[in-house]
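Sequences and hints are given; from them, build the entire structure.
From first to last, the protein sequence lines are chains A and B.
Be aware that the first sequence starts at 1, since it is given in the numbering used here, and climbs by one per residue.
Be aware that the second sequence starts at 1, since it is given in the numbering used here, and climbs by one per residue.
Keep in mind that a hint or two might mislead.
Chain A regions said to be covered by chain B (calculated; three or more residues, Cβ under 8 Å) [claimed, not checked]: (1) 2 to 8; (2) 391 to 403.
Restraint-style ranges between C-beta atoms, simulated for each label pair [stated by the list, open to error]: (3) A/Gly15 <-> B/His134: 21 to 29 Å; (4) A/Glu300 <-> B/Gly145: 17 to 25 Å; (5) A/Leu379 <-> B/Thr128: 40 to 48 Å.
Please keep in mind that the hints were generated in silico from the structure rather than gathered at the bench.
These numbers were taken from a predicted model, which means no experiment stands behind them.
By construction, the Cβ of each residue, glycine as well, lies at the ideal position given by its N, Cα and C atoms.
Here's the letter readout for the chains.
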Amino acid sequence: MKKVYFKMAFRNLKGRPLRSWLTILGIVIGVFLVVSLLSLSEGLKGSIMQELKTMGGDIVMVMPGDMNDIMATFAGGTELSRHDIDAIRRAEGVEMVVPTAWAGEVVRYKDSSQNIFIFGSPWETSVSVYQENLGWNLVEGHWPEPNRRQAVVGSMVAEDLLPGLRAGDRIQIRGHSFEVVGILRSLGSKQDDSMVALDWPDFQSVFGRQDGSPMVMAKINEDFSVARVEANIRAELELSQRRTRQDDQPSFSIITSDKATDMVGNVMSLIQLAVFFFASIAILVGAIGITNTMYTSVYERTKEIGILKAVGAKRKDIISIFLMESIIIGFVGGLLGVLLGSGLAYSAEYLVPQSRPVFHIQTTVTILLIFFGMLFASLVGGLAGYFPARRAANLEPVDALRYE
Amino acid sequence: MLIKLEKVRKVYRMGQVDLTVLKDVDLEIEAGSFTTILGPSGSGKSTLLHIVSCLDTPTEGRVFLDGQDVSELSGDQLADIRGRKIGFVFQRFNLLMNLSAIDNAALPLVFQGVSEAERKARAEKILTELGLGHRLNHRPNEMSGGEQQRVALSRALINDPDILVADEPTGNVDTKTGQKIMELLASFHQQGKTIIVVTHDLKIAAYGQDIVELRDGEIIDRRQTV
Numbered sequence: 001m002k003k004v005y006f007k008m009a010f011r012n013l014k015g016r017p018l019r020s021w022l023t024i025l026g027i028v029i030g031v032f033l034v035v036s037l038l039s040l041s042e043g044l045k046g047s048i049m050q051e052l053k054t055m056g057g058d059i060v061m062v063m064p065g066d067m068n069d070i071m072a073t074f075a076g077g078t079e080l081s082r083h084d085i086d087a088i089r090r091a092e093g094v095e096m097v098v099p100t101a102w103a104g105e106v107v108r109y110k111d112s113s114q115n116i117f118i119f120g121s122p123w124e125t126s127v128s129v130y131q132e133n134l135g136w137n138l139v140e141g142h143w144p145e146p147n148r149r150q151a152v153v154g155s156m157v158a159e160d161l162l163p164g165l166r167a168g169d170r171i172q173i174r175g176h177s178f179e180v181v182g183i184l185r186s187l188g189s190k191q192d193d194s195m196v197a198l199d200w201p202d203f204q205s206v207f208g209r210q211d212g213s214p215m216v217m218a219k220i221n222e223d224f225s226v227a228r229v230e231a232n233i234r235a236e237l238e239l240s241q242r243r244t245r246q247d248d249q250p251s252f253s254i255i256t257s258d259k260a261t262d263m264v265g266n267v268m269s270l271i272q273l274a275v276f277f278f279a280s281i282a283i284l285v286g287a288i289g290i291t292n293t294m295y296t297s298v299y300e301r302t303k304e305i306g307i308l309k310a311v312g313a314k315r316k317d318i319i320s321i322f323l324m325e326s327i328i329i330g331f332v333g334g335l336l337g338v339l340l341g342s343g344l345a346y347s348a349e350y351l352v353p354q355s356r357p358v359f360h361i362q363t364t365v366t367i368l369l370i371f372f373g374m375l376f377a378s379l380v381g382g383l384a385g386y387f388p389a390r391r392a393a394n395l396e397p398v399d400a401l402r403y404e
Numbered sequence: 001m002l003i004k005l006e007k008v009r010k011v012y013r014m015g016q017v018d019l020t021v022l023k024d025v026d027l028e029i030e031a032g033s034f035t036t037i038l039g040p041s042g043s044g045k046s047t048l049l050h051i052v053s054c055l056d057t058p059t060e061g062r063v064f065l066d067g068q069d070v071s072e073l074s075g076d077q078l079a080d081i082r083g084r085k086i087g088f089v090f091q092r093f094n095l096l097m098n099l100s101a102i103d104n105a106a107l108p109l110v111f112q113g114v115s116e117a118e119r120k121a122r123a124e125k126i127l128t129e130l131g132l133g134h135r136l137n138h139r140p141n142e143m144s145g146g147e148q149q150r151v152a153l154s155r156a157l158i159n160d161p162d163i164l165v166a167d168e169p170t171g172n173v174d175t176k177t178g179q180k181i182m183e184l185l186a187s188f189h190q191q192g193k194t195i196i197v198v199t200h201d202l203k204i205a206a207y208g209q210d211i212v213e214l215r216d217g218e219i220i221d222r223r224q225t226v
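Written out as C-alpha cells, the structure is:
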C-alpha cells in the first residue's frame with residue numbers, strides 16, 4: 001500500500017472532520033466496551049482463581065444447595081446446619097472442620113471508620129489450617145487465641161483502610177470491641193488482604209447468627225484421597241439431612257480445589273463470551289456507520305474518482321485509497337477505544353473497592369487485548385469500507401467525470 | 001498512423017430509448033498533428049474525444065492506437081494506456097480541490113509508481129515552465145481560472161504523453177486567457193506532441209491543422225489548413 005494513498009485518505013478524512021470523528025466515535029464505543037468489559041471480567045476471573053489457589057489441594061469446601069444452581073447458592077442465604085457440620089466432622093478421613101461465615105460491616109478504629117469485609121471462623125481449629133494449608137503468615141503480633149475477642153487483620157487494613165492500626169490496638173464492630181493481635185502478610189489477593197478475621201463465637205454474636213455456616217472447610221487427612229473423603233462426606237451428609245430434615249433430596253455441594261477451578265473457569269469463559277458478543281454488536285453498529293460514511297463519500301467524490309481514473313488510476317488504486325480511509329477510521333477508533341477502555345478498567349480497580357469492600361477486582365488489561373482491539377477495529381474498518389470502495393472502483397471514468 | 005477509428009458507433013441507453021451518439025465514424029489521426037473536433041453541443045464531439053483518448057469504448061467498431069486494437073481492452077488496461085500515453089485537459093480543469101498545485105500536477109505519476117521525490121521534482125519543473133513557480137503550494141480555489149488551467153496542463157504533460165487531448169479547454173476562462181492556453185497547446189505541438197482539441201468555437205478550431213466537423217454523430221466535413 002503506497003504512502004501517498006495514506007496521505008490522500010488522511011487528507012480526505014481531515015477535509016470533513018465532523019463526519020470523520022462521528023464515524024470514529026461509533027468504533028470507539030464498540031472497542032471501548034470490548035476492552036473495558038473483557039479487562040474487568042478477566043480481572044474478576046484472575047481474582048477468583050487467585051482465591052482458589054490459596055485453597056490447598058487437601059482442603060474441600062462444603063456449601064449448601066446444588067452446585068448446578070450455583071447462583072442460588074451464592075445469593076440464597078442458605079446455610080449448612082449444625083447437624084450438617086457435625087456430619088462432615090464424622091466423615092472418615094476428615095481431619096478438621098472449619099465452619100466459616102462472612103459479611104461486610106463498618107469497622108471503627110480511633111477516628112476512622114471503613115466498610116470492611118469481616119470473616120468468621122473458630123480460632124480453635126482454623127488457625128492451624130490457615131497457617132499450614134492457606135499459607136497465612138503474620139508480619140506483626142501473634143496468632144489469636146479462642147474466646148478472647150481477638151482479631152487478625154489483612155495487610156491492607158493496617159496500611160490503607162485503617163491507617164496507623166497496629167497489633168495490640170482495639171477496633172469496634174457494631175459496638176463490640178476487639179483486640180487486633182496480628183497483622184497478616186499480604187496473601188496476594190486484595191480481598192484477603194483487606195479483611196478482618198474474627199473468632200466464630202464473636203462473629204455470631206456481632207451479626208446475631210445461629211450456628212449454621214454458608215461454607216465449611218474440611219481438611220483431609222493425608223492418608224486419604226480427596227475423592228474418597230468427598231464420597232464419605234457426601235454419604236454422611238445425605239444420611240444426616242435425611243434424618244434431621246426428613247428431606248428426600250439432600251442439597252449440598254462439595255467443592256474440591258480442582259472442581260472449583262474448572263467451574264469458575266467455565267463460568268467466567270461463558271461470561272466473557274457473552275460480554276464479547278454484546279460488545280461486538282456495538283462494533284457492528286460502528287461498522288455500519290463506516291459503510292454509510294464511505295458510501296456517502298464515494299457518492300460525493302464521484303467526479304474525483306473520474307479524474308483519478310482519467311489520469312491512469314486502476315481499480316486497485318481506487319480501492320486502496322478508499323479502503324485506506326475506512327481502515328484509518330477503524331484504527332483510530334480502535335486506538336481511542338483501547339485507551340478509554342483500559343482507562344475505565346483501571347479506574348474501576350480503584351473505585352470499586354471504595355464502595356464495595358466485599359469484592360475486589362484486579363483489572364487485567366493484556367497486551368494481547370490491546371493489540372487485538374486495534375487490529376480488530378482496523379479489520380472491521382477495512383471490511384466495512386470494502387463495498388463502498390468496490391463501488392468507487394467500478395465506476396466508469398466517463399460517467400464519473402460527467403457527474404456534477 | 002497514431003489513431004484510427006473504424007466504423008465506430010456509440011449508443012447510450014436512456015431509459016427505454018437507445019440514443020445513437022456516434023454513427024459509424026471513420027477517422028484517422030496522424031502522429032504529431034494538431035486536430036480540432038468542431039461541432040455544436042450534442043453533436044457527439046465529446047464522446048468521440050473520450051473514445052479516441054481511451055476514456056470510453058465504442059458500442060461497435062474498432063479503435064486502434066499505435067496499431068493496437070484498444071476497443072475491447074479492460075478498464076485497467078485502458079487506465080494504463082491513459083496513464084502512459086495520453087494527457088487530459090478538461091473544460092472545468094477538474095483539479096482535486098484538496099490538493100496543492102504541485103500535488104495536482106504530480107497526480108498521474110502516483111499511478112505509475114514514480115517516487116515522491118521524483119514526482120515533486122518533475123511537477124515543480126513543469127509548473128515553473130508554465131509560469132506557476134510561485135504558486136506551487138496553492139490550492140486550486142486560491143488560483144485564477146487561467147492559473148488553474150495551467151495546473152491542469154502541467155498535470156496533462158507530466159507523463160510526457162504522446163497525445164494531449166483537451167475538451168473545451170478555453171470554455172471556462174476569458175478570451176485573453178483562452179488565447180494563451182491555445183498558444184501553449186500550439187507550442188506543445190511544435191515540440192512534437194499530437195494535440196486533439198474539442199470545441200464549439202470556430203476561432204479555437206482554427207488553431208488546428210486538421211479540422212474535423214461533427215454534427216449529429218457524423219463527420220460532415222474535414223479540412224486541412226496546412
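For each hint, the structure was consulted:
Restraint check on the stretch 2 to 8 of chain A versus chain B: 3 residues with Cβ-Cβ distances below 8 Å, three needed, restraint holds. Counting residues of the stretch 391 to 403 of chain A whose CB lies closer than 8 Å to any CB of chain B gives 4, so the stated coverage by that chain holds, three being the minimum. For A/Gly15 and B/His134, the Cβ-Cβ distance of about 25 Å falls inside the hinted range of 21 to 29 Å, so the restraint holds. Between A/Glu300 and B/Gly145, the C-beta spacing of about 23 Å keeps the proposed range 17 to 25 Å intact.
At roughly 45 Å, the beta carbons of A/Leu379 and B/Thr128 sit within the given window of 40 to 48 Å.
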